[in-house]
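Protein sequences, first through last, are from chains A and B. Each residue of the first sequence is one higher than the one before, starting from 62 at the first, in the working numbering. Each residue of the second sequence is one higher than the one before, starting from 4 at the first, in the working numbering.
There's no promise every hint is true.
Listed next, with one range per pair, are the computed distances between beta-carbon atoms [claimed, not checked]:
hint, chain 1, residue 1, chain 2, residue 2, range
1, B, S210, A, G193, 43 to 49 Å
2, B, F52, A, P262, 23 to 29 Å
3, A, G74, B, Q290, 41 to 47 Å
4, A, E196, B, I84, 46 to 52 Å
When the alpha-carbon atoms are kept at most 30 Å apart in a straight line, the in silico DSS-like pairs for lysine-lysine are as follows [what the hints assert, rightly or not]:
hint, chain 1, residue 1, chain 2, residue 2
5, B, K80, B, K258
6, B, K258, A, K219
7, B, K49, A, K290
8, B, K287, B, K80
Heads up, incomplete: computed chain B residues facing chain A, CB under 8 Å, no partners named [claimed, not checked]:
hint, residue
9, R20
10, T23
11, V34
12, A36
13, L46
14, A47
15, F155
16, I207
17, L244
18, A275
Hints are computed from structural coordinates only; laboratory data are not their basis. Just so you know, these numbers come straight off a predicted model, no measurement behind them. Ideal Cβ placement from N, Cα and C applies to all residues, glycine included.
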Amino acid sequence: MNVLIDKFDVFAGGFWLTLQICFLAAIGALILGAVVAVLRISPVPPLRAVGTTYVNIFRNLPLTVVLFFAAFGLPALGSNADFLRIPGLDSIFSRLGTDLPYFRFGLIALVLYTAAFVCEALRSGVNAVPPGQAEAARSLGLTFGQNLRHVVLPQSWKASVVPLGSVIIAMIKNSALVGFFGVVGDLSQTADQLTSAGGYPFIPVAIGISVGYLIMTVPLGALLDRIEKRQAVAR
Amino acid sequence: MSQQSSVLYDVPGPRQRRVTLISSLVAVVVVLAGAYLFIYRPLADKGQFSMELWGPLVDPSNENFPLVWDRIGYGLKNTLIAAALAIVSSLVVGTLLAVLRIQLKSLTRRRFTGAAAPVAYLLRGLSWVLAAVTRVCVEVFRGLPVVITIFFVARGFPEFGASFDNLWYLVIGLTIYNSVVIAEILRSGMEGLPSGQAEAASAIGLSPFQTTGLILLPQAFRIMLPALISQLVVVLKDTSLGFIISYEETLNIGKQIIGVLGNPIQVYVVIAVLFIAINYSLSKLAQYVQHRLSQGRKSAGTPAPAPPPAALTSQAEGAGGV
Chain A
62 MNVLIDKFDV FAGGFWLTLQ ICFLAAIGAL ILGAVVAVLR ISPVPPLRAV GTTYVNIFRN
122 LPLTVVLFFA AFGLPALGSN ADFLRIPGLD SIFSRLGTDL PYFRFGLIAL VLYTAAFVCE
182 ALRSGVNAVP PGQAEAARSL GLTFGQNLRH VVLPQSWKAS VVPLGSVIIA MIKNSALVGF
242 FGVVGDLSQT ADQLTSAGGY PFIPVAIGIS VGYLIMTVPL GALLDRIEKR QAVAR
Chain B
4 MSQQSSVLYD VPGPRQRRVT LISSLVAVVV VLAGAYLFIY RPLADKGQFS MELWGPLVDP
64 SNENFPLVWD RIGYGLKNTL IAAALAIVSS LVVGTLLAVL RIQLKSLTRR RFTGAAAPVA
124 YLLRGLSWVL AAVTRVCVEV FRGLPVVITI FFVARGFPEF GASFDNLWYL VIGLTIYNSV
184 VIAEILRSGM EGLPSGQAEA ASAIGLSPFQ TTGLILLPQA FRIMLPALIS QLVVVLKDTS
244 LGFIISYEET LNIGKQIIGV LGNPIQVYVV IAVLFIAINY SLSKLAQYVQ HRLSQGRKSA
304 GTPAPAPPPA ALTSQAEGAG GV
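Take these sequences, add in the hints, and give me the full structure.
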């Protein structure tokens with residue numbers, strides 16, 4: 062059990078890095094997912110096709126493959142994902158600005174992959190709004206944009222919160238994979254490093270790592286359960 | 004546009020049709036230009052379209068072609084074996100776990116009035132503890148990433164002197180995670196059933212175990228079938244995690260091929276297409292089953308079943324795994 066106390070800073074550092082990548086990836090995926098969702102419900106057929114293709118590709122691909130593309134395909138194209146070195150942001154999230162690109166590659170893969178699921182969560186929210194609402198808005202003469210902005214989206218938001226939350230939880234869990242793709246020092250890579258290179262006993266390390274992930278996922282899950290129960294009563 | 008595709012906008016009139024046509028053309032041009040500038044140009048500049056890199060994968064006359072596809076077939080076979088084993092075992096374990104949790108929950112409500120007071124208290128305490136333990140196990144393994152579970156299984160089992168093939172580590176790791184998810188899907192399916200079902204079953208004298216097995220479980224399976232099939236897609240995708248414990252599944256084989264031929268982008272494109280083809284057809288199957296089920300419900304004249312909780316279905320839709 063000593064490793065938990067001796068190496069507490071390592072565990073805390075891993076937790077902090079995992080939290081950073083999850084925070085950045087969540088924001089990126091929410092933005093990109095919203096864009097794709099707009100494409101998927103837009104009245105212009107080619108844009109709809111683009112959105113559908115995007116979702117079909119990334120929903121059916123293992124995240125591992127996406128990460129391989131990002132970690133080995135991007136360097137083969139000569140890209141170091143330098144566009145993510147955003148001045149200001151990289152002073153807070155120091156890994157964004159390092160010369161080793163793997164944090165940025167992992168971030169790109171997570172965002173691309175999660176955005177597909179975010180899009181589906183948002184779209185399921187839009188679909189949950191009774192069709193009569195949108196029809197009534199149309200019969201009042203609202204345009205597509207007005208219809209979305211004033212009638213459909215305010216209502217769909219409620220139905221989207223819970224699916225969105227579980228997508229984010231899944232993303233936190235998926236972020237464990239980047240540790241195996243060259244991101245040094247996140248929780249999962251810490252587990253590998255402490256047990257194999259550090260030679261520490263397995264059980265305490267496993268407990269420490271598990272607690273690190275459970276701190277992030279379980280409260281969020283409990284919160285979602287609560288929200289869902291309250292919504293069920295409200296309906 | 005004979006059939007209306009969305010309730011969000013009207014059937015377009017002549018002007019709207021013109022606007023849609025023009026914006027469609029603009030969108031196509033923009034998308035094509037973007038694809039050319041950001042995908043085709045960088046690829047072509049780096050010579051990624053050369054036959055040297057693609058040949059072993061697409062050209063049957065290439066000397067490496069049979070060898071490469073032989074290896075990919077081998078990896079695909081391993082992936083499917085691992086997926087099939089994991090699916091079967093997590094279905095079995097998940098069903099048992101769901102039944103166990105339902106039974107324990109009803110046990111905690113029993114007062115054991117037949118037994119003497121201390122025995123009754125002991126039994127009540129015991130069932131309460133067991134229910135709490137299973138609940139904690141479910142929450143823990145649901146909250147842990149699958150990668151970490153597989154990694155722990157592969158590292159932890161040899162520590163206790165139980166070493167198997169890499170295949171079994173992968174299957175055990177996947178089973179632990181997915182059986183918990185499936186158990187939650189089935190449990191919420193059973194709890195979502197009208198309470199009259201269980202009441203009627205106990206009224207005609209079925210034991211609690213019979214009630215679950217004969218009445219609740221079949222209905223839960225039926226309602227949750229689409230979610231269950233989607234969970235199978237997740238399992239199939241998750242087998243690709245075998246590479247971290249160096250199980251020879253498709254991705255690992257791909258890595259070996261890249262090590263020899265040095266064409267990462269091409270090999271990953273081929274593997275991606277394989278995965279998309281398999282998983283897409285599975286998702287289509289899930290949709291078809293859902294469609295069939297909803298039609299069957301309608302014609303039977305029974306009320307539509309309560310939709311499963313959104314958190315569970317969306318988790319089962321593939322976001323839950325990797």
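Inset, instruction - Tell me, in ascending order, the numbers of any earlier hints that this structure violates. - result: 2, 6, 7, 9, 12, 14, 16
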